[in-house]
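**Student:** Chain by chain, the residues:
2 protein chains.
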Amino acid sequence: MNANTEDNRNSQVILRQVPTGLLGPDDFEVRQAPMPTAGDGEVVVEAHYLSLDAALRLIVRDSKDFLFRVEPGDLVRNSVAGRVVESNNPDWAAGDYVVAATGVQNYGISDGSDLELCDITQAPLSAWLGGFGVSGLTAYFAIFDECKPQPGQTVVINGAAGAVGTMAGQFAKMAGARVIGIAGGPEKCKWLVDELGFDTAVDYKDGDLYEKLVEAAPDRIDFIFDNVGGSVLNESLRWIALRGKVLMCGSTSQYSEEEISGPSQYIWLGTMRASIQGYVVYDYADRFDIARKHMAQWRAEGRLSFPEHVYEGDVPDFGQAFHDLYSGRNKGKMVVKLPAADT
Amino acid sequence: MNANTEDNRNSQVILRQVPTGLLGPDDFEVRQAPMPTAGDGEVVVEAHYLSLDAALRLIVRDSKDFLFRVEPGDLVRNSVAGRVVESNNPDWAAGDYVVAATGVQNYGISDGSDLELCDITQAPLSAWLGGFGVSGLTAYFAIFDECKPQPGQTVVINGAAGAVGTMAGQFAKMAGARVIGIAGGPEKCKWLVDELGFDTAVDYKDGDLYEKLVEAAPDRIDFIFDNVGGSVLNESLRWIALRGKVLMCGSTSQYSEEEISGPSQYIWLGTMRASIQGYVVYDYADRFDIARKHMAQWRAEGRLSFPEHVYEGDVPDFGQAFHDLYSGRNKGKMVVKLPAADT
Numbered sequence: 001m002n003a004n005t006e007d008n009r010n011s012q013v014i015l016r017q018v019p020t021g022l023l024g025p026d027d028f029e030v031r032q033a034p035m036p037t038a039g040d041g042e043v044v045v046e047a048h049y050l051s052l053d054a055a056l057r058l059i060v061r062d063s064k065d066f067l068f069r070v071e072p073g074d075l076v077r078n079s080v081a082g083r084v085v086e087s088n089n090p091d092w093a094a095g096d097y098v099v100a101a102t103g104v105q106n107y108g109i110s111d112g113s114d115l116e117l118c119d120i121t122q123a124p125l126s127a128w129l130g131g132f133g134v135s136g137l138t139a140y141f142a143i144f145d146e147c148k149p150q151p152g153q154t155v156v157i158n159g160a161a162g163a164v165g166t167m168a169g170q171f172a173k174m175a176g177a178r179v180i181g182i183a184g185g186p187e188k189c190k191w192l193v194d195e196l197g198f199d200t201a202v203d204y205k206d207g208d209l210y211e212k213l214v215e216a217a218p219d220r221i222d223f224i225f226d227n228v229g230g231s232v233l234n235e236s237l238r239w240i241a242l243r244g245k246v247l248m249c250g251s252t253s254q255y256s257e258e259e260i261s262g263p264s265q266y267i268w269l270g271t272m273r274a275s276i277q278g279y280v281v282y283d284y285a286d287r288f289d290i291a292r293k294h295m296a297q298w299r300a301e302g303r304l305s306f307p308e309h310v311y312e313g314d315v316p317d318f319g320q321a322f323h324d325l326y327s328g329r330n331k332g333k334m335v336v337k338l339p340a341a342d343t
Numbered sequence: 001m002n003a004n005t006e007d008n009r010n011s012q013v014i015l016r017q018v019p020t021g022l023l024g025p026d027d028f029e030v031r032q033a034p035m036p037t038a039g040d041g042e043v044v045v046e047a048h049y050l051s052l053d054a055a056l057r058l059i060v061r062d063s064k065d066f067l068f069r070v071e072p073g074d075l076v077r078n079s080v081a082g083r084v085v086e087s088n089n090p091d092w093a094a095g096d097y098v099v100a101a102t103g104v105q106n107y108g109i110s111d112g113s114d115l116e117l118c119d120i121t122q123a124p125l126s127a128w129l130g131g132f133g134v135s136g137l138t139a140y141f142a143i144f145d146e147c148k149p150q151p152g153q154t155v156v157i158n159g160a161a162g163a164v165g166t167m168a169g170q171f172a173k174m175a176g177a178r179v180i181g182i183a184g185g186p187e188k189c190k191w192l193v194d195e196l197g198f199d200t201a202v203d204y205k206d207g208d209l210y211e212k213l214v215e216a217a218p219d220r221i222d223f224i225f226d227n228v229g230g231s232v233l234n235e236s237l238r239w240i241a242l243r244g245k246v247l248m249c250g251s252t253s254q255y256s257e258e259e260i261s262g263p264s265q266y267i268w269l270g271t272m273r274a275s276i277q278g279y280v281v282y283d284y285a286d287r288f289d290i291a292r293k294h295m296a297q298w299r300a301e302g303r304l305s306f307p308e309h310v311y312e313g314d315v316p317d318f319g320q321a322f323h324d325l326y327s328g329r330n331k332g333k334m335v336v337k338l339p340a341a342d343t
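Chains as they are written, first to last, in this note's numbering: chain A, 1 to 343; chain B, 1 to 343.
Only chain A is shown next, with the shape it has when bound in the complex (with noise of 0.2 Å):
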């Protein structure tokens, strides 16, 4: 919090082009600004923890389709995890932890409206970005509202070491439906098993895909989460459950993919009279306080975990950090840790 001294310089990162294939540090360049200093109703957040998102591949897209875009020369839009150093707002405090909207830079302007207040006694202020945060909440409506798996159902879960997959996961465990998870590498598949309870793990990048669900799963698919799309989505559609349900959280395999394509195997939603339901978590933005009162006392409880990898560094390693998320580096929601993280 020392946000006053020359020691403080203010690192934003920048779209730098339009991006083809992974997103990388290449696409991004680093600007030094000064610091900035709060207006009138205005507050100035220091970010401790930069949020890594797929859906900005999504947004850098040179497409006229979605409500928001990140351009080149634009500041790169994210969400970050940090404190409040100034505040001229009535209604925000120096010292109060935040998670703010003020995009990759050490240092953004706010009038207040984009905050939300951490109470860091409930979850760890990194955790307010992942498994408290959105991706948890996307996780628990997903699983409890939107599918509300019944005991003995299959829910095949990819992107399953993901910062939403290993919540639903966990979540889908406490229904008590049967949970599989499909994750790249036979090192995330044991870990899935061994730490976050996932009844088997299905590794996609050895051998046939179809097969081992059809092995996994012999009564076939109710629900499958999905946050990946593409290939390991058409190979879990053409073992779908009678009435089955897709619930769409991501395509994240499409996202640097030229041309978006969409599920060729969704032929099969005919066959089985199955559907895939798009959803957005902020239509239960009036119940989250609710599932996080949840979240605390099952974590208190040790019966839910918020899977967290941490990228030590500071603004510039955004684009570094963002490359690995689609390596599929991660296991659980990953971050940038900044120099003035002081939890």
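FYI, nobody ran anything at the bench for these hints, they're computed from the structure. Note that the structure is predicted; figures quoted are calculated from it, not measured. Possibly wrong hints are sitting among the right ones.
To be verified - Here are the simulated DSS-like cross-link-like pairs (lysine-lysine), alpha carbons at most 27 Å apart as the crow flies:
| id | chain 1 | residue 1 | chain 2 | residue 2 |
| --- | --- | --- | --- | --- |
| 1 | A | 188 | A | 173 |
| 2 | B | 293 | B | 337 |
| 3 | A | 173 | A | 212 |
| 4 | A | 64 | B | 64 |
| 5 | B | 205 | B | 173 |
| 6 | B | 64 | A | 205 |
| 7 | A | 148 | B | 148 |
| 8 | B | 64 | A | 212 |
| 9 | A | 64 | B | 205 |
| 10 | B | 188 | B | 205 |
Fit chain B to the supplied structure of chain A, relying on the hints for placement.
**Tutor:** Chain B in isolation, oriented as in the chain A frame:
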């Protein structure tokens, strides 16, 4: 009903090869077979009308993914409407009008289990293959049970001039919806509006389909009744309403393709909390009678028609008629009327 005279040779249409591209006459061969005779418990059915069904293109593919297949050398499967001409089955009498699954031939054997009795005072015999048959029933339960559009909601029907689309449009109007048809060519579009009461119709072959849908449906699209998939579905998905629904009845644009493409714009399902729902009419089999009672009454009141395109010919014309179907030559259900037809 001269089943036993020498004149009645039995022509059969056999799949010659796994087709590439549009299925047409060259993919079939015509074989002359002896007249069948009914064994114990069996009946002989004389075909009067051959049904042309787009889904045939799917089951002649070289794929293990479908429950039914027609392989090279097989008699082509389809439904016919005709009469029982010989019966050794106590449930059926010579003279009964029936729909049968005896395939593309003049005379076929049935054990009776696949037969459906046709009361031709309710609807003409040919309509039992179309508007009063599976096509109309598919549209009926799709609109009234699966979609349930409310007055003022917007329903887009693609393949609107086809066997199912023509019926779905009429039912959606009865439900009070605003109905937009998508069809190929100005003549079909005019016909949908003038003859079937669609509110408007859009020619997908002329100009930018998305722009035209935005213009025709200023409040977005609540339901997409999808018979065709591919780009026509994709352009519609870009304009789906919040919590909109795609009811998936067919994907005819994809059946002739080497690789089936999924709906690349399915990303919009997420943004709009929308869904794609698969559907099989046979789940409603216990209510077919009630639906037909309504349909017969509506027809008697002049509120419902069963559009059909009658190809006058004989069994060997099946291949050309199928090619015409996929070339979009039909308005309404396409059938081949055989010389034996007496109604």
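**Student:** Compare the structure with each hint and give your call.
**Tutor:** Evaluated hints:
no.	hint	verdict
1	188/A to 173/A	holds (18 Å)
2	293/B to 337/B	holds (26 Å)
3	173/A to 212/A	holds (20 Å)
4	64/A to 64/B	violated (39 Å)
5	205/B to 173/B	holds (25 Å)
6	64/B to 205/A	holds (23 Å)
7	148/A to 148/B	holds (24 Å)
8	64/B to 212/A	holds (17 Å)
9	64/A to 205/B	holds (23 Å)
10	188/B to 205/B	holds (12 Å)
This entry does not satisfy hint 4, going by the numbered hints stated previously; all others are met.
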